[in-house]
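In the numbering used here, the protein residues as written are 133 to 568.
Rather than coming from a laboratory, the hints here were simulated on the basis of the structure.
Computed from a predicted model, the values in this text were never measured in an experiment.
Even glycine gets a Cβ: it sits at the ideal position worked out from N, Cα and C.
A few of these clues could be false.
When the alpha-carbon atoms are kept at most 27 angstroms apart in a straight line, the in silico DSSO-like pairs for lysine-lysine are as follows [to be verified]:
hint: 1; residue 1: K492; residue 2: K516
hint: 2; residue 1: K167; residue 2: K281
hint: 3; residue 1: K174; residue 2: K332
hint: 4; residue 1: K188; residue 2: K174
hint: 5; residue 1: K264; residue 2: K153
hint: 6; residue 1: K560; residue 2: K464
hint: 7; residue 1: K264; residue 2: K516
Have a look at the derived ranges for each label pair, beta carbon to beta carbon [stated by the list, open to error]:
hint: 8; residue 1: N499; residue 2: S360; range: 44 to 54 angstroms
hint: 9; residue 1: Y419; residue 2: D271; range: 31 to 41 angstroms
hint: 10; residue 1: P176; residue 2: T444; range: 23 to 33 angstroms
hint: 11; residue 1: S360; residue 2: D147; range: 20 to 30 angstroms
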Amino acid sequence: MTSFPNKRYRTPIADIFEEQKQLELQLLVERTLAKANAKYGKIPQEAAKEIEQFVKPDYISLKRVKEIEKETHHDLYSVVLAATEVCPNYGQYIHLGATSSDIQDTVTALQLKEAKRILLEHIDALLLILIKLAKKYRDLVCIGRTHGKHAIPTTYGFKFANFLNELFLAKENLINVNIYGKLSGAVGTYAAYGTNEIEKRVMQKLGLVHLLITTQVVPRLVYSHFVSVVLETTGVLDKLARELRNLQRTEIGEISESFGEKQVGSSTMPQKRNPWRLERICGIARYLRSLPSSTLENIALEHERDMSNSSTERIILPQLTTLTDFLLLEMKEILEGININEENVEKNLFFLDGRQCSEKLLVELANSIGRQKAHVILRDLVKKDNFRVAVKNHPQISVLFSEKEIDEILDPRNYLGLAPEIVDLVVKEIEEKVIK
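I would like the entire structure built from these sequences, with the hints used as guidance.
Written out as C-alpha coordinates, the structure reads:
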(Lines of atoms letter the chains of each structure in order from A; the text may use other names.)
(Lines give C-alpha, C1' and ligand atoms only; values in the text may rest on other atoms or scores of the structure.)
Protein backbone atom coordinates (compact mmCIF):
# COMPACT_ATOMS: atom_id res chain seq x y z
CA MET A 133 0.00 0.00 0.00
CA THR A 134 1.06 3.57 -0.55
CA SER A 135 1.40 5.99 2.33
CA PHE A 136 -1.48 8.36 2.96
CA PRO A 137 -0.64 11.53 1.02
CA ASN A 138 -2.55 14.26 2.86
CA LYS A 139 -1.29 14.91 6.38
CA ARG A 140 -4.22 17.27 7.09
CA TYR A 141 -6.71 14.41 7.27
CA ARG A 142 -4.40 11.69 8.50
CA THR A 143 -5.39 9.50 11.46
CA PRO A 144 -3.58 6.49 12.99
CA ILE A 145 -5.40 4.16 10.57
CA ALA A 146 -3.05 5.43 7.86
CA ASP A 147 -0.14 3.84 9.75
CA ILE A 148 -1.63 0.39 9.08
CA PHE A 149 -0.97 0.86 5.38
CA GLU A 150 2.55 2.27 5.62
CA GLU A 151 5.35 0.23 4.05
CA GLN A 152 7.00 -0.67 7.35
CA LYS A 153 3.74 -1.97 8.82
CA GLN A 154 2.98 -3.85 5.63
CA LEU A 155 6.39 -5.51 5.80
CA GLU A 156 5.72 -6.56 9.40
CA LEU A 157 2.42 -8.13 8.35
CA GLN A 158 4.01 -9.88 5.37
CA LEU A 159 6.58 -11.42 7.68
CA LEU A 160 3.83 -12.44 10.11
CA VAL A 161 1.96 -14.27 7.36
CA GLU A 162 5.15 -16.01 6.20
CA ARG A 163 5.90 -17.15 9.77
CA THR A 164 2.34 -18.39 10.26
CA LEU A 165 2.48 -20.24 6.94
CA ALA A 166 5.75 -21.92 7.92
CA LYS A 167 4.22 -23.19 11.17
CA ALA A 168 1.24 -24.59 9.30
CA ASN A 169 3.49 -26.18 6.68
CA ALA A 170 5.47 -27.85 9.45
CA LYS A 171 2.34 -29.10 11.20
CA TYR A 172 1.19 -30.85 8.04
CA GLY A 173 4.63 -32.24 7.22
CA LYS A 174 5.45 -29.97 4.30
CA ILE A 175 8.64 -28.62 5.89
CA PRO A 176 10.83 -29.73 8.82
CA GLN A 177 9.87 -28.55 12.29
CA GLU A 178 13.36 -27.08 12.62
CA ALA A 179 12.70 -24.93 9.56
CA ALA A 180 9.52 -23.52 11.08
CA LYS A 181 11.37 -22.74 14.32
CA GLU A 182 14.16 -20.96 12.47
CA ILE A 183 11.69 -18.98 10.34
CA GLU A 184 9.80 -18.01 13.50
CA GLN A 185 13.03 -16.78 15.04
CA PHE A 186 14.54 -14.83 12.15
CA VAL A 187 11.74 -13.75 9.82
CA LYS A 188 11.00 -10.64 11.85
CA PRO A 189 11.58 -6.89 11.50
CA ASP A 190 14.51 -7.16 13.93
CA TYR A 191 16.43 -9.01 11.21
CA ILE A 192 14.80 -7.81 7.98
CA SER A 193 14.83 -4.10 7.18
CA LEU A 194 12.60 -2.24 4.79
CA LYS A 195 15.77 -0.69 3.35
CA ARG A 196 17.12 -4.12 2.39
CA VAL A 197 13.81 -5.15 0.86
CA LYS A 198 13.85 -1.97 -1.25
CA GLU A 199 17.39 -2.69 -2.42
CA ILE A 200 16.35 -6.13 -3.62
CA GLU A 201 13.20 -4.76 -5.24
CA LYS A 202 15.28 -2.47 -7.44
CA GLU A 203 16.67 -5.62 -9.02
CA THR A 204 13.63 -7.91 -8.97
CA HIS A 205 10.92 -5.33 -9.65
CA HIS A 206 8.66 -7.53 -7.52
CA ASP A 207 7.71 -6.13 -4.13
CA LEU A 208 6.54 -9.35 -2.45
CA TYR A 209 9.29 -11.61 -3.74
CA SER A 210 11.83 -9.06 -2.52
CA VAL A 211 10.50 -9.72 0.98
CA VAL A 212 10.92 -13.47 0.46
CA LEU A 213 14.51 -13.02 -0.69
CA ALA A 214 15.34 -10.68 2.19
CA ALA A 215 13.88 -13.23 4.61
CA THR A 216 15.84 -16.04 3.00
CA GLU A 217 19.09 -14.11 3.51
CA VAL A 218 18.71 -13.97 7.30
CA CYS A 219 17.87 -17.62 7.86
CA PRO A 220 21.09 -19.61 8.50
CA ASN A 221 19.90 -23.06 7.39
CA TYR A 222 16.30 -23.25 6.28
CA GLY A 223 15.62 -20.13 4.23
CA GLN A 224 14.60 -22.26 1.24
CA TYR A 225 11.39 -23.24 3.05
CA ILE A 226 10.06 -19.70 3.31
CA HIS A 227 6.97 -19.06 1.19
CA LEU A 228 6.66 -22.75 0.25
CA GLY A 229 3.44 -23.41 -1.68
CA ALA A 230 2.34 -19.79 -1.67
CA THR A 231 1.91 -17.34 -4.49
CA SER A 232 2.47 -13.63 -3.98
CA SER A 233 -1.25 -12.91 -3.92
CA ASP A 234 -1.70 -15.42 -1.11
CA ILE A 235 0.51 -13.28 1.08
CA GLN A 236 -0.66 -9.89 -0.16
CA ASP A 237 -4.39 -10.62 -0.01
CA THR A 238 -3.93 -11.99 3.50
CA VAL A 239 -1.93 -8.91 4.49
CA THR A 240 -4.67 -6.68 3.06
CA ALA A 241 -7.19 -8.65 5.10
CA LEU A 242 -5.15 -8.04 8.26
CA GLN A 243 -4.99 -4.34 7.46
CA LEU A 244 -8.74 -4.14 6.92
CA LYS A 245 -9.36 -6.15 10.08
CA GLU A 246 -7.38 -3.62 12.13
CA ALA A 247 -8.95 -0.65 10.34
CA LYS A 248 -12.38 -2.12 11.02
CA ARG A 249 -11.55 -2.46 14.73
CA ILE A 250 -10.53 1.19 14.97
CA LEU A 251 -13.55 2.41 13.01
CA LEU A 252 -15.90 0.47 15.28
CA GLU A 253 -14.19 1.91 18.35
CA HIS A 254 -14.65 5.46 17.06
CA ILE A 255 -18.23 4.79 15.97
CA ASP A 256 -18.97 3.72 19.54
CA ALA A 257 -17.47 6.96 20.87
CA LEU A 258 -19.74 8.95 18.57
CA LEU A 259 -22.76 6.84 19.51
CA LEU A 260 -22.20 7.70 23.17
CA ILE A 261 -22.28 11.41 22.36
CA LEU A 262 -25.48 11.03 20.34
CA ILE A 263 -27.02 9.12 23.25
CA LYS A 264 -26.11 11.99 25.56
CA LEU A 265 -27.62 14.57 23.18
CA ALA A 266 -30.78 12.53 22.64
CA LYS A 267 -31.29 12.35 26.41
CA LYS A 268 -30.47 16.01 27.01
CA TYR A 269 -32.83 17.33 24.35
CA ARG A 270 -35.53 14.65 24.67
CA ASP A 271 -38.19 17.26 25.39
CA LEU A 272 -36.88 20.28 23.48
CA VAL A 273 -39.73 20.84 21.03
CA CYS A 274 -38.75 22.16 17.62
CA ILE A 275 -40.30 22.42 14.20
CA GLY A 276 -39.74 19.48 11.87
CA ARG A 277 -38.97 20.20 8.23
CA THR A 278 -39.70 18.31 5.05
CA HIS A 279 -38.65 19.57 1.62
CA GLY A 280 -36.96 22.43 3.49
CA LYS A 281 -40.34 23.71 4.71
CA HIS A 282 -41.96 23.70 8.14
CA ALA A 283 -43.87 20.46 8.72
CA ILE A 284 -45.13 19.41 12.17
CA PRO A 285 -43.38 19.54 15.57
CA THR A 286 -40.72 17.11 16.69
CA THR A 287 -38.00 17.34 19.34
CA TYR A 288 -34.27 17.76 19.18
CA GLY A 289 -34.00 14.56 21.15
CA PHE A 290 -35.93 12.81 18.39
CA LYS A 291 -33.60 14.29 15.77
CA PHE A 292 -30.51 13.05 17.59
CA ALA A 293 -32.13 9.67 18.26
CA ASN A 294 -32.70 9.22 14.53
CA PHE A 295 -29.04 9.83 13.78
CA LEU A 296 -28.12 7.59 16.69
CA ASN A 297 -30.18 4.78 15.22
CA GLU A 298 -28.83 5.22 11.69
CA LEU A 299 -25.22 5.22 12.85
CA PHE A 300 -25.90 2.14 14.97
CA LEU A 301 -27.37 0.35 11.94
CA ALA A 302 -24.25 1.26 9.95
CA LYS A 303 -22.12 -0.08 12.79
CA GLU A 304 -24.01 -3.38 12.84
CA ASN A 305 -23.47 -3.78 9.10
CA LEU A 306 -19.75 -3.11 9.53
CA ILE A 307 -19.53 -5.65 12.35
CA ASN A 308 -21.02 -8.28 10.04
CA VAL A 309 -18.52 -7.73 7.21
CA ASN A 310 -16.24 -10.74 6.94
CA ILE A 311 -12.55 -10.16 6.26
CA TYR A 312 -11.12 -12.83 3.96
CA GLY A 313 -7.57 -14.00 3.35
CA LYS A 314 -6.29 -16.86 1.18
CA LEU A 315 -3.49 -19.39 0.80
CA SER A 316 -4.68 -21.56 -2.07
CA GLY A 317 -1.82 -21.18 -4.51
CA ALA A 318 -1.18 -19.95 -8.03
CA VAL A 319 -4.72 -20.41 -9.41
CA GLY A 320 -6.53 -21.37 -6.22
CA THR A 321 -6.41 -25.16 -6.59
CA TYR A 322 -4.11 -25.94 -3.62
CA ALA A 323 -1.88 -27.81 -6.09
CA ALA A 324 1.29 -27.09 -4.10
CA TYR A 325 -0.27 -28.17 -0.81
CA GLY A 326 -2.61 -30.98 -1.78
CA THR A 327 -4.86 -29.85 1.07
CA ASN A 328 -6.80 -26.79 2.15
CA GLU A 329 -6.08 -27.47 5.82
CA ILE A 330 -2.96 -25.28 5.75
CA GLU A 331 -5.01 -22.30 4.56
CA LYS A 332 -7.70 -22.98 7.13
CA ARG A 333 -5.15 -23.12 9.94
CA VAL A 334 -3.39 -19.92 8.89
CA MET A 335 -6.66 -18.03 8.58
CA GLN A 336 -7.79 -19.28 11.98
CA LYS A 337 -4.50 -18.21 13.59
CA LEU A 338 -4.74 -14.76 12.01
CA GLY A 339 -8.42 -14.26 12.85
CA LEU A 340 -9.52 -14.18 9.22
CA VAL A 341 -12.22 -15.99 7.27
CA HIS A 342 -11.48 -18.84 4.87
CA LEU A 343 -13.25 -18.89 1.50
CA LEU A 344 -14.49 -22.12 -0.06
CA ILE A 345 -12.95 -21.27 -3.43
CA THR A 346 -10.80 -18.56 -5.00
CA THR A 347 -8.69 -18.02 -8.10
CA GLN A 348 -5.18 -16.65 -7.56
CA VAL A 349 -6.82 -13.85 -5.58
CA VAL A 350 -9.81 -13.46 -3.31
CA PRO A 351 -12.80 -12.30 -5.33
CA ARG A 352 -12.82 -8.54 -5.40
CA LEU A 353 -16.44 -8.65 -4.34
CA VAL A 354 -15.13 -8.84 -0.79
CA TYR A 355 -13.42 -5.45 -1.16
CA SER A 356 -16.30 -3.78 -2.97
CA HIS A 357 -18.59 -4.98 -0.17
CA PHE A 358 -16.25 -3.65 2.50
CA VAL A 359 -16.06 -0.27 0.74
CA SER A 360 -19.83 -0.10 0.39
CA VAL A 361 -20.47 -0.86 4.06
CA VAL A 362 -17.90 1.67 5.29
CA LEU A 363 -19.55 4.25 3.04
CA GLU A 364 -22.82 3.70 4.90
CA THR A 365 -21.12 5.23 7.93
CA THR A 366 -19.84 8.20 5.91
CA GLY A 367 -23.34 8.64 4.48
CA VAL A 368 -24.81 8.96 7.98
CA LEU A 369 -22.09 11.44 8.93
CA ASP A 370 -22.76 13.44 5.76
CA LYS A 371 -26.48 13.51 6.53
CA LEU A 372 -25.87 14.64 10.11
CA ALA A 373 -23.42 17.31 8.95
CA ARG A 374 -25.92 18.65 6.41
CA GLU A 375 -28.62 18.86 9.06
CA LEU A 376 -26.37 20.73 11.46
CA ARG A 377 -25.19 23.04 8.67
CA ASN A 378 -28.72 23.92 7.63
CA LEU A 379 -29.81 24.56 11.20
CA GLN A 380 -27.01 27.13 11.44
CA ARG A 381 -28.36 29.25 8.57
CA THR A 382 -28.77 32.87 9.62
CA GLU A 383 -32.53 32.80 9.11
CA ILE A 384 -32.83 29.60 11.20
CA GLY A 385 -30.08 30.06 13.78
CA GLU A 386 -30.96 27.10 15.99
CA ILE A 387 -27.47 25.60 16.18
CA SER A 388 -23.90 26.86 16.20
CA GLU A 389 -20.52 25.16 16.29
CA SER A 390 -18.11 26.13 19.01
CA PHE A 391 -16.13 29.24 18.02
CA GLY A 392 -12.80 30.18 19.54
CA GLU A 393 -12.16 33.62 20.97
CA LYS A 394 -9.58 34.39 18.27
CA GLN A 395 -11.16 32.30 15.54
CA VAL A 396 -11.80 34.00 12.18
CA GLY A 397 -14.84 33.20 10.05
CA SER A 398 -13.97 35.39 7.08
CA SER A 399 -10.99 37.50 6.09
CA THR A 400 -13.31 40.33 5.04
CA MET A 401 -16.62 39.85 6.91
CA PRO A 402 -16.10 40.05 10.69
CA GLN A 403 -19.63 38.80 11.44
CA LYS A 404 -19.15 35.41 9.78
CA ARG A 405 -19.18 32.20 11.81
CA ASN A 406 -19.11 29.59 9.11
CA PRO A 407 -19.85 25.86 9.64
CA TRP A 408 -16.58 25.03 7.89
CA ARG A 409 -15.87 21.81 9.74
CA LEU A 410 -19.27 20.40 8.85
CA GLU A 411 -18.75 21.55 5.27
CA ARG A 412 -15.45 19.68 5.28
CA ILE A 413 -17.22 16.51 6.39
CA CYS A 414 -19.67 16.86 3.51
CA GLY A 415 -16.87 17.51 1.03
CA ILE A 416 -14.81 14.49 2.06
CA ALA A 417 -17.92 12.29 2.09
CA ARG A 418 -18.63 13.47 -1.46
CA TYR A 419 -15.14 12.37 -2.51
CA LEU A 420 -15.46 9.00 -0.78
CA ARG A 421 -18.65 8.23 -2.71
CA SER A 422 -16.59 8.30 -5.89
CA LEU A 423 -14.53 5.28 -4.78
CA PRO A 424 -17.02 2.41 -5.31
CA SER A 425 -16.90 2.75 -9.10
CA SER A 426 -13.28 1.55 -9.13
CA THR A 427 -13.87 -1.25 -6.62
CA LEU A 428 -16.79 -2.49 -8.70
CA GLU A 429 -14.64 -2.39 -11.83
CA ASN A 430 -12.04 -4.50 -10.01
CA ILE A 431 -14.48 -7.40 -9.70
CA ALA A 432 -14.12 -8.23 -13.39
CA LEU A 433 -10.55 -9.53 -13.47
CA GLU A 434 -9.44 -11.66 -16.42
CA HIS A 435 -8.99 -15.45 -16.25
CA GLU A 436 -7.58 -16.48 -12.86
CA ARG A 437 -6.40 -12.90 -12.32
CA ASP A 438 -4.73 -9.87 -13.79
CA MET A 439 -3.20 -6.88 -12.01
CA SER A 440 -5.58 -4.13 -13.08
CA ASN A 441 -7.01 -4.08 -9.56
CA SER A 442 -3.78 -3.70 -7.63
CA SER A 443 -2.94 -0.05 -8.23
CA THR A 444 -6.41 1.27 -7.34
CA GLU A 445 -6.64 -0.86 -4.18
CA ARG A 446 -3.36 0.56 -2.91
CA ILE A 447 -5.00 4.00 -3.08
CA ILE A 448 -8.65 3.31 -2.28
CA LEU A 449 -8.42 1.16 0.85
CA PRO A 450 -6.08 3.46 2.82
CA GLN A 451 -8.01 6.56 1.77
CA LEU A 452 -11.41 5.05 2.49
CA THR A 453 -10.57 3.90 6.00
CA THR A 454 -8.41 6.86 6.99
CA LEU A 455 -10.81 9.52 5.74
CA THR A 456 -13.81 7.78 7.30
CA ASP A 457 -11.94 7.68 10.58
CA PHE A 458 -11.15 11.38 10.22
CA LEU A 459 -14.86 12.13 9.71
CA LEU A 460 -15.80 10.16 12.83
CA LEU A 461 -13.25 11.99 14.97
CA GLU A 462 -14.22 15.35 13.47
CA MET A 463 -17.95 14.82 14.08
CA LYS A 464 -17.27 13.69 17.65
CA GLU A 465 -15.39 16.92 18.37
CA ILE A 466 -18.06 19.06 16.71
CA LEU A 467 -20.90 17.47 18.68
CA GLU A 468 -19.00 17.82 21.93
CA GLY A 469 -18.99 21.61 21.40
CA ILE A 470 -22.37 22.07 19.72
CA ASN A 471 -24.61 24.88 20.98
CA ILE A 472 -28.39 25.01 20.63
CA ASN A 473 -30.09 28.41 20.71
CA GLU A 474 -33.33 27.48 22.45
CA GLU A 475 -34.74 30.97 21.98
CA ASN A 476 -34.50 30.63 18.20
CA VAL A 477 -35.81 27.08 18.39
CA GLU A 478 -38.96 28.38 20.08
CA LYS A 479 -39.26 31.34 17.71
CA ASN A 480 -39.15 29.02 14.69
CA LEU A 481 -41.52 26.58 16.35
CA PHE A 482 -44.25 29.24 16.62
CA PHE A 483 -43.38 31.03 13.37
CA LEU A 484 -46.46 29.75 11.50
CA ASP A 485 -48.83 30.68 14.35
CA GLY A 486 -50.69 27.37 14.46
CA ARG A 487 -50.42 26.35 10.83
CA GLN A 488 -47.78 23.80 11.86
CA CYS A 489 -50.57 21.99 13.75
CA SER A 490 -53.12 22.05 10.95
CA GLU A 491 -52.76 18.26 10.68
CA LYS A 492 -53.87 17.89 14.30
CA LEU A 493 -56.86 20.13 13.66
CA LEU A 494 -57.64 18.08 10.55
CA VAL A 495 -57.71 14.90 12.61
CA GLU A 496 -59.93 16.52 15.25
CA LEU A 497 -62.38 17.75 12.60
CA ALA A 498 -62.46 14.46 10.69
CA ASN A 499 -64.79 12.80 13.21
CA SER A 500 -67.38 15.54 12.79
CA ILE A 501 -67.24 16.74 9.19
CA GLY A 502 -65.06 14.13 7.48
CA ARG A 503 -61.39 14.22 6.63
CA GLN A 504 -61.62 15.36 3.01
CA LYS A 505 -64.00 18.22 3.77
CA ALA A 506 -61.80 19.28 6.69
CA HIS A 507 -58.78 19.25 4.39
CA VAL A 508 -60.52 21.59 1.92
CA ILE A 509 -61.48 24.01 4.71
CA LEU A 510 -58.00 24.09 6.21
CA ARG A 511 -56.30 24.50 2.83
CA ASP A 512 -58.27 27.71 2.50
CA LEU A 513 -57.71 28.88 6.08
CA VAL A 514 -53.92 28.47 6.04
CA LYS A 515 -53.82 31.17 3.33
CA LYS A 516 -55.33 33.75 5.66
CA ASP A 517 -53.12 36.41 7.20
CA ASN A 518 -54.15 35.40 10.70
CA PHE A 519 -54.71 31.67 10.61
CA ARG A 520 -55.58 31.29 14.28
CA VAL A 521 -58.27 34.00 14.17
CA ALA A 522 -59.63 32.59 10.92
CA VAL A 523 -59.97 29.15 12.51
CA LYS A 524 -61.76 30.54 15.56
CA ASN A 525 -64.19 32.49 13.36
CA HIS A 526 -64.97 29.68 10.94
CA PRO A 527 -68.64 28.69 11.39
CA GLN A 528 -68.13 24.94 11.11
CA ILE A 529 -65.13 24.91 13.47
CA SER A 530 -66.31 27.40 16.07
CA VAL A 531 -69.41 25.32 16.84
CA LEU A 532 -67.25 22.28 17.55
CA PHE A 533 -64.44 23.79 19.64
CA SER A 534 -64.09 26.68 22.06
CA GLU A 535 -61.34 29.27 21.55
CA LYS A 536 -59.40 27.71 24.40
CA GLU A 537 -59.68 24.26 22.82
CA ILE A 538 -58.51 25.66 19.48
CA ASP A 539 -55.48 27.24 21.16
CA GLU A 540 -54.64 23.90 22.74
CA ILE A 541 -55.02 22.10 19.40
CA LEU A 542 -52.78 24.64 17.67
CA ASP A 543 -50.09 24.56 20.38
CA PRO A 544 -47.15 22.65 18.83
CA ARG A 545 -46.02 21.48 22.25
CA ASN A 546 -49.17 19.37 22.40
CA TYR A 547 -48.51 17.55 19.13
CA LEU A 548 -45.47 15.36 19.62
CA GLY A 549 -47.02 11.95 19.16
CA LEU A 550 -44.72 9.32 20.65
CA ALA A 551 -41.52 11.30 20.09
CA PRO A 552 -40.31 11.37 23.74
CA GLU A 553 -41.18 7.71 24.33
CA ILE A 554 -39.42 6.62 21.11
CA VAL A 555 -36.32 8.56 22.14
CA ASP A 556 -36.31 6.61 25.41
CA LEU A 557 -36.79 3.33 23.56
CA VAL A 558 -33.97 3.97 21.06
CA VAL A 559 -31.55 5.22 23.70
CA LYS A 560 -32.22 2.25 25.98
CA GLU A 561 -31.85 -0.28 23.18
CA ILE A 562 -28.60 1.13 21.82
CA GLU A 563 -27.04 2.20 25.11
CA GLU A 564 -27.26 -1.35 26.42
CA LYS A 565 -25.34 -2.61 23.38
CA VAL A 566 -22.70 0.13 23.28
CA ILE A 567 -21.97 0.27 27.01
CA LYS A 568 -21.05 -3.28 27.99
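*Are there hints from earlier that the structure breaks, and if so, what are their numbers?*
2, 5, 7, 10
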